[in-house]
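Q: Protein sequences, first through last, are from chains A and B.
FYI, the working numbering numbers position 140 of the first sequence as 140, with every residue one higher than the one before it.
To get the working numbering, take the position in the second sequence, counting from 1, and add 271.
Heads up, a few of these hints could be off.
Claimed, not checked - Simulated coverage check for chain B against chain A, where a stretch passes if three residues somewhere in it have a Cβ under 8 angstroms from a Cβ of chain A: (1) 274-285; (2) 355-364; (3) 369-381.
Stated by the list, open to error - Mimicking DSS-like on lysine-lysine, the simulated pairs with C-alpha atoms at most 25 angstroms apart in a straight line are: (4) K334/B <-> K311/B; (5) K385/B <-> K220/A; (6) K363/B <-> K385/B; (7) K84/A <-> K385/B; (8) K176/A <-> K204/A; (9) K311/B <-> K346/B; (10) K220/A <-> K363/B; (11) K312/B <-> K334/B; (12) K89/A <-> K385/B; (13) K10/A <-> K20/A.
Hint data in this document are derived by calculation from the structure and do not stem from the laboratory.
Keep in mind the model is a prediction, meaning the values are calculated, not measured.
Note that CB positions come from ideal geometry on N, CA and C, so glycine has one too.
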Amino acid sequence: MERDSSINRKAEEFLQVFKKGEEFTKELLRENERLRFRVAELEEALTRSADEARARLYEERIRQLEEELRSLRERFSQVEEENKDFAAKYLEVEEENNNLANLYVASYQLHSTLDFNEVLRIVLEIIINLIGAERFAIYLMEERTNELVAVAAEGLEVASIPRVRLGEGIVGKVAKEGESYFASSTDGTDDLLSPIVCIPLKIKEHVIGVIAIYSLLVQKRGFSNVDYELFNLLAGHAATAIFSSRLYTQSERKLTTLQSFLELLKEKPRR
Amino acid sequence: MPNILVVEDSPTMRQLISFAMRRVAGSRVIEASDGVDALKKLSSEQVDLILVDINMPVMDGLKLTSLVRGNPAYKDIPIIIITTEGAEEDRKRALAIGANAYLTKPIQTQELIKLVNSFTQG
Numbered sequence: 001m002e003r004d005s006s007i008n009r010k011a012e013e014f015l016q017v018f019k020k021g022e023e024f025t026k027e028l029l030r031e032n033e034r035l036r037f038r039v040a041e042l043e044e045a046l047t048r049s050a051d052e053a054r055a056r057l058y059e060e061r062i063r064q065l066e067e068e069l070r071s072l073r074e075r076f077s078q079v080e081e082e083n084k085d086f087a088a089k090y091l092e093v094e095e096e097n098n099n100l101a102n103l104y105v106a107s108y109q110l111h112s113t114l115d116f117n118e119v120l121r122i123v124l125e126i127i128i129n130l131i132g133a134e135r136f137a138i139y140l141m142e143e144r145t146n147e148l149v150a151v152a153a154e155g156l157e158v159a160s161i162p163r164v165r166l167g168e169g170i171v172g173k174v175a176k177e178g179e180s181y182f183a184s185s186t187d188g189t190d191d192l193l194s195p196i197v198c199i200p201l202k203i204k205e206h207v208i209g210v211i212a213i214y215s216l217l218v219q220k221r222g223f224s225n226v227d228y229e230l231f232n233l234l235a236g237h238a239a240t241a242i243f244s245s246r247l248y249t250q251s252e253r254k255l256t257t258l259q260s261f262l263e264l265l266k267e268k269p270r271r
Numbered sequence: 272m273p274n275i276l277v278v279e280d281s282p283t284m285r286q287l288i289s290f291a292m293r294r295v296a297g298s299r300v301i302e303a304s305d306g307v308d309a310l311k312k313l314s315s316e317q318v319d320l321i322l323v324d325i326n327m328p329v330m331d332g333l334k335l336t337s338l339v340r341g342n343p344a345y346k347d348i349p350i351i352i353i354t355t356e357g358a359e360e361d362r363k364r365a366l367a368i369g370a371n372a373y374l375t376k377p378i379q380t381q382e383l384i385k386l387v388n389s390f391t392q393g
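If we strip away everything but chain B, and leave its shape as in the complex, we get (with noise of 0.2 angstroms):
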């Protein structure tokens, strides 16, 4: 039963994610708001993969991926970056930090869903 985080400020798109992960078998979804928050949630949840925005208040999500992996406790959960940044050079930093993949808004859901069964179904 994969635990999922999901790592965004904006509550419309934290909810579609996490309505969305809901149709992902036997998921459990976690919110968290920006990244100090899903630190927070990192260190009392069992935690399968991560979702996340770049752009978020207090912590961005290519500090989180960074600090992520660089945690040994975390570092081999997967994380997909799920943005508004389309560029090039955005999606190659992203993957560079350490994040597995990486998804544009506006997402399309079985794309997402593909991807994210892709990495807890093994």
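For reference, chain A alone in the conformation it holds in the complex (with noise of 0.2 angstroms):
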């Protein structure tokens, strides 16, 4: 009997036990499920984190080189600018450089022979083919006279051009104050005495003649920089070279003359 209940308290302590250890382990495993969660949770946490940090990252970047392409973008309107500014300032000077050769080629012609009327024929070629005239006179003033007489003429027959007067029309009046004159209109003119054009021969402030354009060629429209230029060029330089050929002329001349009398006189006594 008495056997038998410490059996029945050895099997009822085994089975507390049991129960214990059962859970015991219906803890572990909700421990363990727990710490698995837990453990999923953290990672994917990280994996979060990571990915926010990424994308941080990426941010950053894209507004570094959004700034950048903005920064290239202007830089290269600038240099766009900048080019737009050289590309004009090479076309003037290319234009500069055009006028300064126009002017050097007159300017050379008109200085390169003592023959008056060949000093003649460069005006004349300079104001057709650089100007663009179409009729005009030269007119030399003759001091005897105090008139102004026309002595090389393009489109009109000298010989039918009539002496003008110091101070008679415009050509007259530019003949005795020495100023330039420029007609509003560059439509061409019958009238002898108001061309559209008409400038002084000067030699410092003593006026030697004018040159008188009446029309300019059908395709030319009006005057730009480098007509103006070649004009202040003419009245200069075409004066002295008209001057000192028609000085130089008149010297070889009265030269001829005076050695033909001295070989006249050489030959007399032999006679």
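Reassemble the complex: the two chains are provided individually, in unrelated frames, and hints are given to aid placement.
A: Here is the structure:
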């Protein structure tokens, strides 16, 4: 009897120990489950945090690139503007260069000879080819009569151009006052006293003649800056070239006459 | 290296055009004072382009153009007329004879250089 009750007690104790073990195992399984969940949570948080960091990094990089792009666009616009400026300046320099070449050639040709007729021909060439005049005349002052006499012309017969008194019409007025005249319109005119352009030929302040332009070539619509430069050049350089060549030609003629006279004198005693 | 024949009776214009042509890359300028002189130069020099005035003594630019076009040895040489004659009929006549381009005086140097480059640079 007593033995039975001892077995029952031991069985009871074992059962209790077993139940405790079962509970402990269940508790361990729950804890395990909870920890797994926590690990999963942490892993997810970690991943999320890495993605966010990466996203932040990318955003920062994008911002930097956008800034760089904006700055490059700005620089590009600046360079484009500078290029336009350079292109415009290049064109200006080219135009200036061409104008200087025209002036150089005109000046070079004017002073390339001491032959009066040759100088007049060069002046005509410059006015036709570089200025684009169609009808014009070169008048020179005749000191003896104080009148302007046409010595060369284009599109007009020199012999048919009447003499002009000093102060008469625009031609005479330009010769008297020594100031260039430019009509408001470049339409041609038949009035020989009222040209569309009249330039005094001056040596210092002394007017030796004028160039009067009556019409321009059909393709010439008006005057450009280089035309005014050419007019200035003609006023001074053509005047000097015409004056010095005329003096040279006159002195050559005188010299020839004197030489002939001397030859005659030398020959006389022999006869 | 293009050889450019400048045919012009006016020494001023000849010098001016030659001056401008020196700015065409690698070019060499040959000058002639009229059509006959130009034909002589054509027979003795290799010419790649002709710039010619119309109004010239001895032989004018139109006559020279038609002779050049009629000669198998020179017929392919581009010809640019440079003249004071600004009327449309003058332009048409020159182009009909065989000129490749027609420029009126006073010339715009930049325009001339651009035109010459368009022929010499292919």
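Q: Hint by hint, note whether the structure agrees.
A: Hint check results:
1. For a cut-off of 8 angstroms, the count of residues in the region 274-285 of chain B with a CB near a CB of chain A stands at 4, and the three-residue condition holds.
2. Residue count for the region 355-364 of chain B with a Cβ under 8 angstroms from a Cβ of chain A: 3. That meets the three needed, and the coverage hint holds.
3. Counting residues of the region 369-381 of chain B whose beta carbon lies closer than 8 angstroms to any beta carbon of chain A gives 6, which meets the minimum of three for the stated coverage.
4. Between K334/B and K311/B the alpha-carbon distance is near 15 angstroms, which keeps this suggested pair within the 25 angstroms criterion.
5. Annotation: proposed proximity of K385/B to K220/A holds, straight-line Cα distance about 20 angstroms (limit 25 angstroms).
6. A C-alpha spacing of about 21 angstroms is found between K363/B and K385/B, which places the hinted pair at or below 25 angstroms, so the restraint holds.
7. The straight-line distance between the Cα atoms of K84/A and K385/B is roughly 20 angstroms, inside the 25 angstroms bound, and the hint therefore holds.
8. For the suggested pair K176/A and K204/A, the alpha carbons sit about 14 angstroms apart, so the restraint of at most 25 angstroms is met.
9. The straight-line distance between the Cα atoms of K311/B and K346/B is roughly 16 angstroms, inside the 25 angstroms bound, and the hint therefore holds.
10. A threshold of 25 angstroms between alpha carbons decides the hint, and for K220/A with K363/B the separation of about 19 angstroms falls inside it, so the pair holds.
11. Proposed proximity of K312/B and K334/B is supported: the alpha carbons are some 16 angstroms apart, at most 25 angstroms.
12. Taking the CA atoms of K89/A and K385/B, the gap is near 18 angstroms; set against the 25 angstroms cutoff, the hint holds.
13. A distance of roughly 15 angstroms separates the Cα atoms of K10/A and K20/A; the hinted pair therefore holds under the 25 angstroms criterion.
Of the numbered hints listed earlier, not one is contradicted by the structure.
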